[in-house]
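Here the protein sequences line up with chains A and B, keeping their order. Offset between the first sequence (1-based) and our numbering: plus 56. Offset between the second sequence (1-based) and our numbering: plus 3.
These are calculated hints, taken from the structure and not from any lab test. From a predicted model like this one, the values you see are computed outputs, not experimental measurements. Ideal Cβ positions, reconstructed from N, Cα and C, are used throughout, including at glycine. Careful, some of the hints might be misleading.
Claimed, not checked - The calculated lysine-lysine pairs, modelled on BS3-like cross-linking and capped at a C-alpha distance of 30 angstroms, are:
1) B:Lys20 / B:Lys570
2) B:Lys59 / B:Lys145
3) A:Lys202 / B:Lys728
4) B:Lys311 / B:Lys247
5) A:Lys202 / B:Lys598
6) B:Lys500 / A:Lys141
7) A:Lys210 / B:Lys189
8) B:Lys189 / B:Lys311
9) B:Lys20 / A:Lys202
10) B:Lys144 / B:Lys189
11) A:Lys210 / B:Lys20
12) A:Lys202 / B:Lys7
13) B:Lys354 / B:Lys281
14) B:Lys419 / B:Lys728
15) A:Lys141 / B:Lys20
16) B:Lys104 / B:Lys65
17) B:Lys782 / B:Lys449
18) B:Lys247 / B:Lys213
19) B:Lys311 / B:Lys83
20) B:Lys144 / B:Lys162
21) B:Lys658 / A:Lys202
22) A:Lys113 / A:Lys63
23) B:Lys247 / B:Lys83
24) A:Lys141 / B:Lys22
What the hints assert, rightly or not - So, partial list: chain A residues that the calculated Cβ filter (under 10 angstroms) puts toward chain B:
25) Gly93
26) Gly112
27) Lys113
28) Val115
29) Thr119
30) Asp147
31) Pro178
32) Thr179
33) Asp180
34) Ala186
35) Ile187
36) Cys192
37) Arg193
38) Asn199
39) Val201
40) Tyr206
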Amino acid sequence: MATVPIKVNVNGAEQSAEIEPRLLLVHFLRENLRLTGTHIGCDTSHCGACTVVLDGKPVKSCTVFAVQADGRSITTVEGLEQDGKLHPLQDGFFQEHGLQCGYCTPGMLMTGYAFLQENNDPTDDEIRHAISGNLCRCTGYVNIVKAYQYAAQKMREGGA
Amino acid sequence: MAPKTSPEIGGMGHSVKRKEDPRFLRGLGNYVDDVTLPGMLYLDIVRSPYAHATIKNIDSSKALAIPGVLAVITGKDLEKYNLHWMPTLMSDTQMVLPVDKVMYQAQEVAAVLATDRYIAADGVEAVEIDYDPLPVVVDPKKALLPDAPVLRTDKEGKKDNHIWHWEWGNRDATDQLFNEAEVTVKEDIYIPRIHVSSIETCGCVAHFDKVRGKLTVWMTTQAPHAIRTVFALVAGHVGLSEEKIQIISPDIGGGFGGKVPVYPGYVIAVAASVLTGKPVKWIEDRMENLQADSFARDYHITAELAGKKDGTLTALRIKTLADHGYTDAAANPSKFPAGLFHVCTGSYDLKAAHVEVDGVYTNKPPGGIAYRCSFRVTEAVHTIERMADVMAHELGMDAAEFRMKNFIKPEQFPYKSALDWEYDSGNYGAALQLAMDRVGYNELRKEQAEKRARGELMGIGISSFTEIVGAGPSKHFDILGIKMFDSAEIRVHPTGKVIARFGTKSQGQGHETTYAQIIAEELGFPVDSVLVEEGDTDTAPYGLGTYASRSTPVAAAACAIACRKIKDKARKIAAYLLEAHEDDLDWEPGKFFVKGSPDRAQTIQQISLAAYTNHPPGMEAGLEAVNYYDPPNLTYPFGSYICVVDIDNGTGEIKIRRFVAVDDCGNIINPMIVEGQIHGGLTMGLGPALYEEIQYDESGNILQGSFMNYLLPTAVETPNWETDKTITPSPHHPLGAKGVGESATVGAPAAIVNAVVDALWHLGVRHIDIPITSAKVWKLLRDAGVRG
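Could you build all of it, start to finish, from the sequences and the hints given here?
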C-alpha cells in the first residue's frame, strides 16, 4: 500500500516517518515509535486507554489517523516526567492509590494533563465529568478523583 | 490495630505506597501487546456471523493472494494434528477451530497469519466462508424441551441439551420445614449473562524456538502454571513437553476471572508458532473479547425461603438452570460444577437447605467463569440477600432488625452451615450495626416515611453478605486433578536483600507490595529491600494462580510459613553468633537479641551475611525456604452494605445518594490497598446492578457486542463510596487474614436492588431482575399508576 510522509513532534522530539494513510495514531506511537505507554482498550472510542494530548487537547488515538497528526505536537504519558521529576498528576496517582492494574492509567493521566491546564481548581463533580470518557475497571474512580485534586493543589501552589 | 513494625520496615497494617506504581505511572509497564520479538508474525481470527450453522466451504484463495498473508489456518488443518478440539477446565470439550459446524456467533472459524497486524486484518476480510444456517437454541428453558434441536451432535449418543444435574443439602428435611412453615416466600430471580471487560483484552505472543525445542508464551493469564500443564496435556502428542514450555504472564491489565480459561486464540497462536518457528502475536479487539470470551453468571433461579411469623428463618430451597453456552467451559473446582453456589444460606442460621442446579447447552459462547467472585458466590449472595429482604418486607419487619434476628451469632463460630460449609469466624451484627451508625439508619427510615407520605420515592437497601474464598483445601479442591495449594519461595541474599516468588499472579491487586509487607512483618526486612516476582513458570514455584480471592488466603499464608522457616534458621545463626542458647533469644522486628540484654543483638541483615560467610558448623549454608500451602479451610470474609436511593417518579432514574460499605476481611496487610480493592469491587457491583447485561435475539445475535451498548460505569454514575471496617481474624490463617478483592462485587448488587425494591414495595413491587434500568423502573411506576 502506498505510503505518505509525516512529521510529528512527539514529547518534544521531531519524528519523521513514511506511513500508510490508514495507520492509526495509536499504532504509530506504539509500534513505529515504540512508545507503548499508550494502550488500546476498545474499538469504539469509549474506554480512553489510548488518550494522548494533541496540540493541547486530549484525543483518543485509536480514532485518529497518524496522518492527521502531521505537522502537529503530541504529548504521551512518556512525556509527562520532566528532568527526572514526576508530573504532579503522576505523583497524585501514586500518593492517592489512583491506579491498580495500570492499564487505564496513561489515558487517565493524559486526560487530566490537559484538563488541569484549563481548570486547576476543579470540583469533584467537574473531575468526574472530565474523566467520563476514560473507563477504569479497578479503582472505582474515588481515588482517581483524589489524585486529580492532589495534583490541582500542587499545581496551584507551584504555579505550574 | 497498631502495626507491629516501624514505618521504615513497613510490615502489616502500613499503607505502604505501591512498589509497582512507578513503572505504570511512566507508561513503562510491560503488557502482552508491548512484547515485540524479531520476525514476529500476527494472527487475526475470522469469526462466525451465525449462532449455529454448518460450514460448507472455506475459500482462502483471495486472502492468500494478499502480499504478506502467509497462511489461513482452519479446523481441518488442526485436525491433522488432532488439535481441533481441546478439553475445558470442566472436562467438557471445546473447539479450537471447527471442522464442520459453528455453535455461537463470533466463534473462531479460521485464522489468518500475516507479517503485519493490518495485513492480517485484510486477510480476515478476504476469507470467504459458505454457511448453511441451523436452528438456533437461545433460551435454556426451551433447550430442555423434547423437540429442541440437539446441539452437541459431536457427543456420541447425546439426545438432549442437558449437561449435568447437581444437588446439595437435605431435601427431606428442607421439604418438611417448608410444609411446617408459618410463612414462605418465593421469587424467580434471573442473574443475567455479563462480562468482566477488563480494560486490557486477552492475547499472547507465542514463540517456539526450533533449535532448543522450547515454547515460550507471553500471555494474559491469571494462572500461568496451570496453563503450562494444560498445554503439556493437550499438545504432548505433538511433542510439547512440560519442561520445555515456559508461560510468562507479564503485567496484566485487569483479570477478574476472564483471564483464567484457555481460549482458542492462544492455542492457534501456539500452533502457528510451532509450525512456522516464528514468534506469533494474537491480540483480541474489544468486540472479540466481549462476544467470544467467557461470560459470567447466566443463572435462572427459583428460590423459596421458609420461616416463622416472628421472623425466624428455617429453610431455603433453590432450583436453578445454568446456561453454559455450547460447552461447559466454566472455571470451577472439579467437584463443584455449580461452584460454591451452595454457600447460599449466607449469613443466616438456617435449619435446613436444599439446592439443585442443572447445566444446559445453548448456542452462546462458553464460559461460566466468575466475574470478580469466588465460583458463583455472587449468585448465592444475591439470592439469599434478595430473599431475606422479601421475607422481612412480607412480615412487615425492618430489614435490619430481621437480619440481626437471623444472623449466625459470634459465639456459634466455627459454624457448620446447613449446606456443610464450616464458616471460620464472623461477627455479622457488629458489621451491620457499624454500617447503620455510619449511614444514620434510623433517621433515614424517618425521612423515608415522610417522603413516602408526600409521594416521593426513596429506598434503603441492606446486604449482609458472607463470602467464601481461598480455594482451597486439597481434600475438596482441585482443577483437572491438580490440588489447589499455592506457593512461596523466598531467598535471602548475603547483603540482606530478598527475592520472593509466588505461584499467584497479580492483575492489579498490588502483590509486589503486599507480599513484601508480609516478609517485612515476619522477618523485619524493610519492604524496599524485598523484590517480589510472579508469573514466569521457569522461575516461580508451582501454584494455581490468582482468582477467587485466593492470593491472600493461600499464597500469603505460604509466604508467612516460608518466612517462619527462614526465621527458625536465622534464630540458630543468631544464637551461634551471640554465643547464646537459641531459647535465650528474643525477637523484635529486624533483630534477635539476648533476653534482658538488648545490646547483644544480631540484625536480620547481619544474620543474612553470616548465613553465607560464618554459619554454624554442620549447618547448611544459605537462607531460603519454600512452602506449598494447603489451607485447612476456606476463609469467610463478610460485611454489611447499606445503599440509599432516590427514584425520579417521572423518569424512573435511580440516584444512589449514599453507599456505606463495612467490610471485614480479617487482619489487614495494607489498608490503602484493601480500601482500593473495595472501591473497585463496589463499582463492579454497581455495573451489573444497574447497567451491564449481555442478551441475544432469537437468532443468537448478540445485542451488546461492544462498549457502544455494553455499559461499564463511568466516574459520573459511580457514587463516592463510603467505607469502614471491622476486624475478625481468621482463626486458621497464619496471618489471620481472609482476602478482600471480591467481597464488594459479591455484596453490592443486592444492596442496590434491595434499596430500589424498598422504594417501590408499597406499590406492589416484590423483585426486579438486574440490571435495574430506568426503563424497567419507569414501566413499574406506570403500571402502578404513578404519574411523574
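Hint check:
1. B:Lys20 / B:Lys570: 26 angstroms, holds
2. B:Lys59 / B:Lys145: 28 angstroms, holds
3. A:Lys202 / B:Lys728: 21 angstroms, holds
4. B:Lys311 / B:Lys247: 63 angstroms, violated
5. A:Lys202 / B:Lys598: 47 angstroms, violated
6. B:Lys500 / A:Lys141: Satisfied, since the Cα-Cα distance of roughly 27 angstroms is no more than 30 angstroms.
7. A:Lys210 / B:Lys189: 56 angstroms, violated
8. B:Lys189 / B:Lys311: 15 angstroms, holds
9. B:Lys20 / A:Lys202: Holds. Lys20 (chain B) to Lys202 (chain A) sits at ~15 angstroms (cutoff 30 angstroms).
10. B:Lys144 / B:Lys189: It holds: about 19 angstroms lies between the C-alpha atoms, which stays within 30 angstroms.
11. A:Lys210 / B:Lys20: 19 angstroms, holds
12. A:Lys202 / B:Lys7: It holds: about 29 angstroms lies between the C-alpha atoms, which stays within 30 angstroms.
13. B:Lys354 / B:Lys281: 62 angstroms, violated
14. B:Lys419 / B:Lys728: Given that 30 angstroms is the threshold and the Cα spacing comes to 25 angstroms, the pair holds.
15. A:Lys141 / B:Lys20: 17 angstroms, holds
16. B:Lys104 / B:Lys65: 22 angstroms, holds
17. B:Lys782 / B:Lys449: Status holds; Cα separation ~27 angstroms.
18. B:Lys247 / B:Lys213: Answer holds: Lys247 (chain B) to Lys213 (chain B) is near 11 angstroms, not above 30 angstroms.
19. B:Lys311 / B:Lys83: 65 angstroms, violated
20. B:Lys144 / B:Lys162: 16 angstroms, holds
21. B:Lys658 / A:Lys202: 22 angstroms, holds
22. A:Lys113 / A:Lys63: 19 angstroms, holds
23. B:Lys247 / B:Lys83: Answer holds: Lys247 (chain B) to Lys83 (chain B) is near 23 angstroms, not above 30 angstroms.
24. A:Lys141 / B:Lys22: 17 angstroms, holds
25. Gly93: Holds, because the Cβ-Cβ distance from Gly93 (chain A) to chain B comes to roughly 2 angstroms (cut-off 10 angstroms).
26. Gly112: Hint violated; Gly112 (chain A) Cβ to chain B Cβ min 19 angstroms, cut 10 angstroms.
27. Lys113: 19 angstroms, violated
28. Val115: 17 angstroms, violated
29. Thr119: It is violated, given that the least Cβ distance between Thr119 (chain A) and chain B is near 13 angstroms, above 10 angstroms.
30. Asp147: Holds. Min distance 8 angstroms.
31. Pro178: 12 angstroms, violated
32. Thr179: Not OK, violated: Thr179 (chain A) not within 10 angstroms of chain B, min 12 angstroms.
33. Asp180: 7 angstroms, holds
34. Ala186: It holds, given that the least Cβ distance between Ala186 (chain A) and chain B is near 8 angstroms, below 10 angstroms.
35. Ile187: Status holds, d = 5 angstroms.
36. Cys192: 7 angstroms, holds
37. Arg193: 5 angstroms, holds
38. Asn199: Check passed: Cβ of Asn199 (chain A) comes within 6 angstroms of chain B, closer than 10 angstroms.
39. Val201: 7 angstroms, holds
40. Tyr206: 13 angstroms, violated
Of the numbered hints stated above, those contradicted by the structure are hints 4, 5, 7, 13, 19, 26, 27, 28, 29, 31, 32 and 40, listed in ascending order.
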